[in-house]
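Enquirer: Going line by line, the protein sequences match chains U and X. Here my numbering runs 176 ahead of the position in the first sequence, where the first position is 1. Here my numbering runs 24 ahead of the position in the second sequence, where the first position is 1.
Be aware that a few hints might be false.
[To be verified] Here are the computed distance ranges between Cβ atoms for each label pair:
1. U:Gly182 <-> X:Glu373: 56 to 66 Å
2. U:Pro224 <-> X:Gly285: 22 to 32 Å
3. X:Leu227 <-> U:Arg207: 25 to 35 Å
4. U:Glu204 <-> X:Asp269: 28 to 38 Å
5. U:Glu204 <-> X:Lys116: 49 to 59 Å
6. X:Glu373 <-> U:Leu266: 30 to 40 Å
7. U:Gly182 <-> X:Asp282: 31 to 41 Å
[Claimed, not checked] Straight-line C-alpha distance at most 25 Å; calculated DSS-like pairs for lysine-lysine:
8. U:Lys229 <-> X:Lys345
9. X:Lys175 <-> U:Lys183
10. U:Lys210 <-> U:Lys246
11. X:Lys345 <-> X:Lys335
Since the hints were made in silico from the structure, they are not lab data. Fair warning: this is a prediction, and the values are worked out from it, not measured in the lab. Every residue, glycine too, gets a C-beta built ideally from N, C-alpha and C.
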Amino acid sequence: MEAEIGKTAKYLRDKQGIPEKAKENLKEFVRIKKALIDALKNGEMTIPQLSEKLSMSKEDVTFYLMTLIKYGDVAVGEIDDNDEYFTYKLNK
Amino acid sequence: MEERRKKIEFDALVIGAGIAGGETALNIANNGYKVLLVEKDHSIGGKMILLSKVFPTLDCAACITTPKVSEIARHPNITVFTESEVTSIVKKTESLFIAKITKNPRYVHVEDCTACQLCEKACPVSVRDEYQFGLVGRKAAYIPFSIANPKAAVIDLEQCTLCGACERVCPTHCIDFTMETECFELQVKTVVLATGFQLFDPLKIPRFGYGKYKNVVTSMQMEREIAPTRPYHTILRPGDGKIPDQIAYVLCTGSRDDSVGNPVCSQVCCMYSMKQAQLLMGALPMADITIYYIDIRSFGKGFEEFYQQAKDMGVNFVKGKIGKISEKENGNLILRYEDIQEGIVKEAEHDMVVLSVGMLSNQSVHQIFDGEMLQFDSLNFIWQSDLLGSPAKTNIDGVFVAGTASGPMDIPDSILSAGSASSEAISYLIQH
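Chain X on its own, in the form it takes in the complex:
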């Protein structure tokens, strides 16, 4: 394996091509440095590219993300590796890191694929679409999603029956099942960690019934339902295809909850729930939306006005902590909750429940540093060694952190954090 490792050289390595990693790569590349941007997924754009709209402006998320990912993909100083993972990094000297990278096969030559989708039509296989959070199917030969970048097919080899139908219809012969994993050894002067966050898995709270009651969904599933590239033709209950008209949001699912190991606020759930509530009221004018909350944290610019706007539109806010959710025979859900203001336990019926899941650390980079020990905070986010003076610095000189890899934050703060990380990385490159 070592002999077959291809040697490559760049000025900066950015790990993670979400909005923070992409912004960092662009800033560094715009200053004339060569950047390798490594992404484990099939597309760059991270979680933001899958959102419907952003708060508090209600701008279309795709309209912001798409030009940015296009600029990243076309930038002469940025090389993008998708389906790739950094497996180890060793700091050799002050200005030399050696990183090992594994690039998994896509089984499609991206440069030849025209995204005509003929392979997708020909493929007989259907599995759950992870980009629609399991709400609908996709083929084994598929374009990840309509605004994916690179917009090229990918073959899911685990689900593929190797029937060859995709190859037979491909007009450019870009499908190639002989592709193999490639290994690279990268020499680089600085590293930026932009590995983002993981969403809380609500299966860890069985009393909320996620996975068991099909009309209990996560906020990302609802996000997909209200996006223009939605899984269904309109907003429907996944349990029976009924149009919902009594939707409840359960805030702080997996946040501010010591019992699930995450005692802190995820900073975005109040606001994205209000955003979704407003969008739902536009899409389903007859629907009643209720948000069950512990505290509303509308701390950012324009956030309080956004909260007032949601109330003015008729969103019902109930200061209540949900104890248990149970299901009726017709698929409706009974929420048993403590009404915090009245101090009594109540029950309410809704026909769909959205769990506003929180943000957890992504621990994918925890073990990649050899020799030097990257430090983490008590919640396993990357530790910022000089939070006030130099917030992008980690405990390893020359390694910086951008976006939610350092803690929960919203999109504007992620972009600000990326600005800070890129400035620090450029400064480091100039000094070394």
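Bound-form chain U, shown alone:
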């Protein structure tokens, strides 16, 4: 089977299928990204506040939030009065 330029992903998908691990990982990321973005729609929040609101570990919130900053979905807000935690907001 010849693969057309610009459509080689389809060629490989038809040939070997999609790895189960990759599908599961994508689902998980999409779910967490949506939860974080929905939570931030109501205003700026710190990592402990997001953790409490979403019942998600602070470590996971930190990891995914920093990833969303890297991808340009989230921006850094202000630091709190104790100079401990930043707030985070949606990047408009």
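On the provided structure of chain U, position chain X as indicated by the hints.
Expert: Okay, now just chain X, sitting in the frame of chain U:
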């Protein structure tokens, strides 16, 4: 497979494109010899290209490495194979080695990629970024890191959902999922092994809590946190995103410790910890940094002055051996240690702990020689058959070693070692 193996010929094969392998390749190539530089990773530059600054000068590591990797990549006498591994080497005659090389597909035609990152933006997948030591995510279609060389996208096929989004946005159509593994048979006259080292895995010391307590990190993770291309917007605890202000360093993690199979000093941990401490004090002026040590080994040129400078800046040095680290509910860490000077057990609280992990041998070349048996020392580093007279020589005539493949050493010593290996290899090429 054998019929499809492409035959290629060079004067010298250098395995490993870190700072030692790169320097060796440059020196040999500058003398008119054709060099094949083989690297298993997606970029040349090794571990040095990922560092923030170097000790004791506090020069920017990337500013030193980037021009060098650029010179390597553009040199007319150097051919670079990334994503590649040497699977076997046979010595046929005094001036002929036959090496088999496997080049794994990148799924991107590097020469056509403009590193525009549109594929990265389009990719919906996110996984942990190994170049940021798991502190942040990256896409399945991604540029390895901002100063990678070659600076071109790569597809992580294991994590890719083959949605084709990257291909649809690529303006140069350089993404190609039909790429396959290529096999080469190389004829070469001399070989230099510059396969570097592996960092000690702190999971081997469960009492330090690495992996379990999220605010216990390795020195390479902290190195990334203080680098300009850091994973976070500032220095934060990975456990909860708090700005740390009581940071502890645990020296000799996996070094000088028979219980983990590495009884020797890694030679760099004291100095890189002091470097990081000084950089942290610049980035977090209110932070207290404590270094727990057994002995401070500041033996190189300018190292003792660097140690004094760290003390003068306010870094707290405690001669103490850590027994156990435990975690409080707020993510802070309790270090239980023996105060060696007072001879008593004490406890101290910190909000972040950095494990200064040591250097171990990289055993990737242990099995590649067929016929001849490459020898190793008791710690599995490549054995130098004439350490004082000809330090780059291995036990196989025509095979040389450069950098940390022969033992722990810092960057200046790695470059010196590369000078020695390239001189020996050039001399061998002239004689044969």
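Enquirer: Indicate, hint by hint, whether the structure satisfies it.
Expert: Here is how each hint holds up against the structure:
1. A C-beta distance of roughly 58 Å is found between Gly182 of chain U and Glu373 of chain X, which places it inside the suggested range of 56 to 66 Å.
2. The given range of 22 to 32 Å is broken by Pro224 of chain U and Gly285 of chain X, whose C-beta atoms sit roughly 40 Å from each other.
3. At about 28 Å, the beta-carbon gap between Leu227 of chain X and Arg207 of chain U stays in the expected band of 25 to 35 Å.
4. Checking the proposed 28 to 38 Å range against Glu204 of chain U and Asp269 of chain X shows it holds: the Cβ atoms sit about 33 Å from each other.
5. Evaluation of the 49 to 59 Å hint for Glu204 of chain U and Lys116 of chain X yields a pass: the beta carbon distance comes to about 52 Å.
6. With their beta carbons about 36 Å apart, Glu373 of chain X and Leu266 of chain U fall inside the hinted range of 30 to 40 Å.
7. Checking the proposed 31 to 41 Å range against Gly182 of chain U and Asp282 of chain X shows it is violated: the Cβ atoms sit about 58 Å from each other.
8. A hinted pair counts as satisfied when its Cα atoms are at most 25 Å apart, and Lys229 of chain U with Lys345 of chain X does not qualify at roughly 41 Å.
9. At most 25 Å may separate the alpha-carbon atoms for a hinted pair to count; Lys175 of chain X and Lys183 of chain U meet this at roughly 23 Å.
10. About 16 Å separates the Cα atoms of Lys210 of chain U and Lys246 of chain U, which keeps this hinted pair within 25 Å; it holds.
11. A C-alpha spacing of about 19 Å is found between Lys345 of chain X and Lys335 of chain X, which places the hinted pair at or below 25 Å, so the restraint holds.
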